[in-house]
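Please work from the sequences and hints to get the whole structure.
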Amino acid sequence: MTKSAQKIPELICPAGTPASLRTAIDAGADAIYCGFIGPTNARNFPGLNFTIKQMEQSLNYARERGAKLLCAINSFATSPNIDIWKKAIDDAVFLGVDAIIIADIGMAKYVSEKYPNMRIHLSVQAGASSVEAINFYIDRFNIKRVVLPRILTISEIKKIHAAISCEIEAFIFGNIGMMAEGRCSLTNYVSGKSTNMDGVCSPAEFVRYEEDENHNLISRLGEYMIDCIECGQSAGYPTICKGRYNVKHRNGYYAFEEPISLNLTYLLPDLIKAGVSALKIEGRQRSKSYIREVVSSFRKAVDAYARGEQPNIDNLLALTEGHKQTEGAFKSKIWR
Amino acid sequence: MEEEGEVYPLYLPSLPLFLLQPILNHIVEFVRRKNPDIFMRLGPSANKIFLINPTDLPFFLILKPNHLRPSLRAYNNKTIIDHDVYISAKFITLLKLIDAQTDSDALFFNRDIKILGDSEAMVALRNALDDLDDSLAQNLIDSFGLLSAPAGKFINFLTGKPRSKN
Amino acid sequence: MELNIGPVLFNWQAEMWRDFYFMLADEAPIDKVFLGEVICAKRAPLFYPYFDDVIKRLERAKKQIIFSTLAEISSDTDRRLLKKQASQKDFIIEANDIAALAHIGKREHYIGAYINCYNEMALEFFAQNGAKNICLNAEISKETIMELAKKAKEFDVKIEVQIFGRMGLALSARCYHARAYNRTKDSCKYICEVDRDGMELATLEGDKFLAINGIQTMSYSYLNLLNEIEELKEIGVSNFRISPHSHSTLEVTKIFRAVLDEKMDKEEASFKLRELYPNVSFCNGFYHSIRGCEWQN
Chain H
1 MTKSAQKIPE LICPAGTPAS LRTAIDAGAD AIYCGFIGPT NARNFPGLNF
51 TIKQMEQSLN YARERGAKLL CAINSFATSP NIDIWKKAID DAVFLGVDAI
101 IIADIGMAKY VSEKYPNMRI HLSVQAGASS VEAINFYIDR FNIKRVVLPR
151 ILTISEIKKI HAAISCEIEA FIFGNIGMMA EGRCSLTNYV SGKSTNMDGV
201 CSPAEFVRYE EDENHNLISR LGEYMIDCIE CGQSAGYPTI CKGRYNVKHR
251 NGYYAFEEPI SLNLTYLLPD LIKAGVSALK IEGRQRSKSY IREVVSSFRK
301 AVDAYARGEQ PNIDNLLALT EGHKQTEGAF KSKIWR
Chain R
1001 MEEEGEVYPL YLPSLPLFLL QPILNHIVEF VRRKNPDIFM RLGPSANKIF
1051 LINPTDLPFF LILKPNHLRP SLRAYNNKTI IDHDVYISAK FITLLKLIDA
1101 QTDSDALFFN RDIKILGDSE AMVALRNALD DLDDSLAQNL IDSFGLLSAP
1151 AGKFINFLTG KPRSKN
Chain G
2001 MELNIGPVLF NWQAEMWRDF YFMLADEAPI DKVFLGEVIC AKRAPLFYPY
2051 FDDVIKRLER AKKQIIFSTL AEISSDTDRR LLKKQASQKD FIIEANDIAA
2101 LAHIGKREHY IGAYINCYNE MALEFFAQNG AKNICLNAEI SKETIMELAK
2151 KAKEFDVKIE VQIFGRMGLA LSARCYHARA YNRTKDSCKY ICEVDRDGME
2201 LATLEGDKFL AINGIQTMSY SYLNLLNEIE ELKEIGVSNF RISPHSHSTL
2251 EVTKIFRAVL DEKMDKEEAS FKLRELYPNV SFCNGFYHSI RGCEWQN
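Residue numbers (this note's numbering), protein chains in the order written: chain H, 1 to 336; chain R, 1001 to 1166; chain G, 2001 to 2297.
No wet-lab data here; the hints were simulated from the structure. Keep in mind that a hint or two might mislead.
Claimed, not checked - Listed below are the simulated SDA-like cross-link pairs for lysine to any residue, each with C-alpha atoms no more than 20 Å apart in a straight line:
(1) H:K248 with G:D2195
(2) G:K2208 with H:A235
(3) R:K1090 with H:A235
(4) G:K2083 with H:V131
To be verified - Stretch by stretch, here's where chain H covers chain G in the computed footprint (C-beta under 8 Å, at least three residues):
(5) 2093 to 2099
(6) 2194 to 2203
(7) 2231 to 2238
(8) 2278 to 2290
Said to hold, decoys possible - Over 10 Å on every C-beta distance to chain H, these chain G residues come out as not near it, computed from the model:
(9) E2002
(10) A2044
(11) K2132
(12) A2258
(13) L2260
(14) E2262
(15) L2273
Beta carbons are placed, not taken as given, at the ideal position from N, Cα and C, and that holds for glycine.
Here you go:
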C-alpha cells in the first residue's frame, strides 16, 4: 500500500472540563471525548466532568468548529442503580453526541435496542483485545469502532485490523495503566470505591502524601504505602500498579511498573500503517495546559506525517509521569 | 476546624500584610463574581481550608473557598492554623499554577510543588480552577483598572513572562 | 445448594495438580469441578499428560466437570488455546473472556467471574445468549447480588458466588512473576511454579498486601463468606464456589458442605477454618460494600 492511499487518522483528545474541551478543539483536536458528572464514566474524579447543560454548550462549540464529541459512558452499570447509566445514555442521545463510548454489555444492549442509529464505540474498558471478542461486539451490537487495550503489539494490531470490519482507535500518549482495562478491582480492595462501578482509580479522597524527616515523599492509598520517593527524585500518582513493594527475595522494587507514561510519537507511522484510524490521547484528569501542549504537538506530528515528513516531538517529556516514557506493549513482546 | 476570627493576621513591620489583604479580597471577589461555577466543581471540598505557603515569601495564605463567604487571607509565617490541605511551592510556581499556564501534575511529578493533607480537596480545587477560561492572572490584572499596568508588570516580572498584550 | 470447586489458578507441579483432583474426586463433598487453565496459556500444556486421568476419576466419582477458559486473550498462543478450550464439546464451557463466546456460539454455557456482569441487562444478554450459570466477580456487593439473583430466576440462570480463597483482583498482559525475577513472559522458565498459592507482596513498611500469580494479581487475604452464607441463600444464590489452595482445600469443602446443609453452625465452622489457616487473614469487605481487604464480623 502506498502512503497516499492511507487515511490520515483522527486525533481524539480528552476533556475533563468545558474549558479543557475548548482548549483541545482550539489546539487541533478532531474529536473530543468527555463524560457526565457522576459514576457513569471511568474518570469520575472530584471537580471533573460535565453537566447536561455544559455538555450541550460544549457540543455546540465543537459543532461550530467541525469537531466531534464522543460521550464516554464507560463504567459498568451496577444494579440496583442502573437507571443512572440509562439516563446518561438517554441524555447523550438527546443532545446528539457523535458517538457513545460504552464498556458494559448491558448498556451496549440498551443503546443498540433503544437507539439503533446511535453510533457505539467500544470502550477500552471492555477489554476487547482479540479478533474474536471484537467481532462478537460487532455482530451483536453493531459497534463502529473499538478502542484497543494498551496490551497489544503493533503486529497484533495489524492482524486484528485485517480481520475486523470496524475502525480501530489506539492510545498514543498518556497514563498507562498496567492492568487489563475493565478487569481491575485493586482500588476497590483498598478503598471500597470501584474502578468498574464507580469510575475511579486511586481516588484522591484515599490518597495521602507525607514527608518524612529526610524529605522523602511517602504516598499512601488508604493505609497502604504505595511508594517512598527520595528527595530530588520525580514522583508519580499513587496508583497501586505503579508502586514499590517487597517480595520474599527482593525489596523495594516496582513490582508492576514504575511511574511512567505512554508515548508512541515515534511509532505513529507504524500504527497508522497497521490500520489505526483514530489516535487517542489519555488525560481527562489532566490540566488545560497539558491538553494544550500535548494536543498541539500531536496535531503537528500527524500533519507532518500527512505531508510525508518525519514527525518530531521532543517537548512532551515534562508532562509524563515520573518524567519517564515508554512505548509499552506496542513495540515488542519483551515488555510483557 | 477553627472558627473565623480565632486567629488574627500579625501585622509585622517587615511585611505590610495590611497592603496585601485588600488585593487578596479583590481576587476572591473577582473569582466569585466571574466564575460561580467554580463552587459547583469544588463540591464538598468548598468547605475545606487550604494553607498555601509560598516558600520564598515571608507569609502564607489561607484559602476558604466556601461559596457563601469565600476568603483568602495572608498570615504571618509563625502563625499555625488548622488546615485540611497544605500546598507549598515558590511564589512564581503557585502563580503559574492558578493561572493554568503550567500543568500541576507535571509540577508535582517534578516535585516543584508539595501537597500534603486532603488530596481530594486539592484535586477538586485544581480541577475547578482549571475550568476557568483564559488567563486568570490577566483577567485579574485587568480588573485592577488604573492600577492594572503596574500590577501586570509586577506579576510578569515575577513569572518571568514577557507580556504579549498592551 | 451446590458447592463447587473453581479452577486451580496456580502453577502447581503437574503431579500435584493430578493428585489434588484425585483427592477431590475421592473425598470432597462437592458437586462441580471447574477444570482448565484460566491464567496463562504457557502453563496449559504442562497438565495435558494427566488431563484424561483426572477427567476419568472425577466422572467415576459423579462430579460434574465444567471447562473453564483462559481469562485474557491477546497473543496468538492465547487465541489458539482458547479455541482449543472453547471448541470441545464433551463438557459445558465456562467462558472467562468475551472471545470465548464467539467460539461457543449458541451452545449452552456458563459465564465465569472474569466476564463483567454487574447489572440485570447484562445478565439478560448473557441469558438470551445461552448462559445457564453466572459466577459473579468477587467485588460485587450484596445489594447488587440481590438484584442479579432476582433477574437470574426469571431466566432460569443460576448465580454462583466465590465464598473462599484468594480473590483475583486484576489481570495484566505482563507477567509479574517473571518481572520479579528479571525475566519476561516469554522467557519466564515457569518461575511461577515456586509459589503454590501466589507470591506474597508486602508494602515497603512490611504490610501484607497482595499476591502475584503470573499475570494475575490477587488479594493477600483469603475471601471467607462463611458468615454470609445464610443471607446469600436467602437472596437467591444457589451455587457456592471455593477457589482452591495448595493445602486444606478438602477440609474446607467439608466444612462449607456441612454449613450449607445446616449440619454445622457458623461458630464451629469458623473455629475450624481458623485452625486450618492460623496464619491467613480473612476478608469479606466487598460483600458489605466496604473495601475488599476488610473483615466485617
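Results of checking the hints against the structure:
About 11 Å separates the Cα atoms of K248 of chain H and D2195 of chain G, which keeps this hinted pair within 20 Å; it holds. Distance restraint check for K2208 of chain G and A235 of chain H: the Cα-Cα separation of roughly 23 Å exceeds the 20 Å cut-off, and the hinted pair is therefore not satisfied. Our distance criterion of 20 Å between C-alpha atoms is met by K1090 of chain R and A235 of chain H, whose separation comes to about 18 Å. Proximity of K2083 of chain G to V131 of chain H is assessed by CA-CA distance (about 12 Å); at most 20 Å being required, the pair is judged to hold.
Figure legend: the region 2093 to 2099 of chain G, annotated as covered by chain H; annotation consistent (3 residues with Cβ-Cβ distances under 8 Å, at least 3 required). Residues of the region 2194 to 2203 of chain G with a Cβ under 8 Å from some Cβ of chain H number 5, which satisfies the need for three, so the listed coverage holds. A stretch counts as covered by a chain when three or more of its residues have a beta carbon under 8 Å from one of that chain; for the region 2231 to 2238 of chain G and chain H the count is 0, and the coverage is violated. Residues of the region 2278 to 2290 of chain G lying with their CB closer than 8 Å to a CB of chain H number 4, which satisfies the three-residue condition for coverage.
No beta-carbon of chain H is positioned within 10 Å of the beta-carbon of E2002 of chain G; the least distance is around 23 Å. At roughly 17 Å from the closest C-beta of chain H, the C-beta of A2044 of chain G stays outside 10 Å, upholding its exclusion from the interface. The claim that K2132 of chain G lies off the interface holds: its Cβ sits roughly 17 Å from the closest Cβ of chain H, which is beyond the 10 Å cut-off. With a least CB separation of 30 Å from chain H, A2258 of chain G remains clear of the 10 Å interface cut-off, as annotated.
Taking the minimum C-beta to C-beta distance to chain H, about 25 Å, the non-interface status of L2260 of chain G holds against the 10 Å cut. Its beta-carbon lying about 29 Å from the closest one in chain H, E2262 of chain G satisfies the requirement of being farther than 10 Å from that chain. Here L2273 of chain G stays apart from chain H, with its beta-carbon at least about 21 Å from theirs, past the 10 Å limit.
Of the hints listed earlier, those the structure fails to meet are numbers 2 and 7, in rising order.
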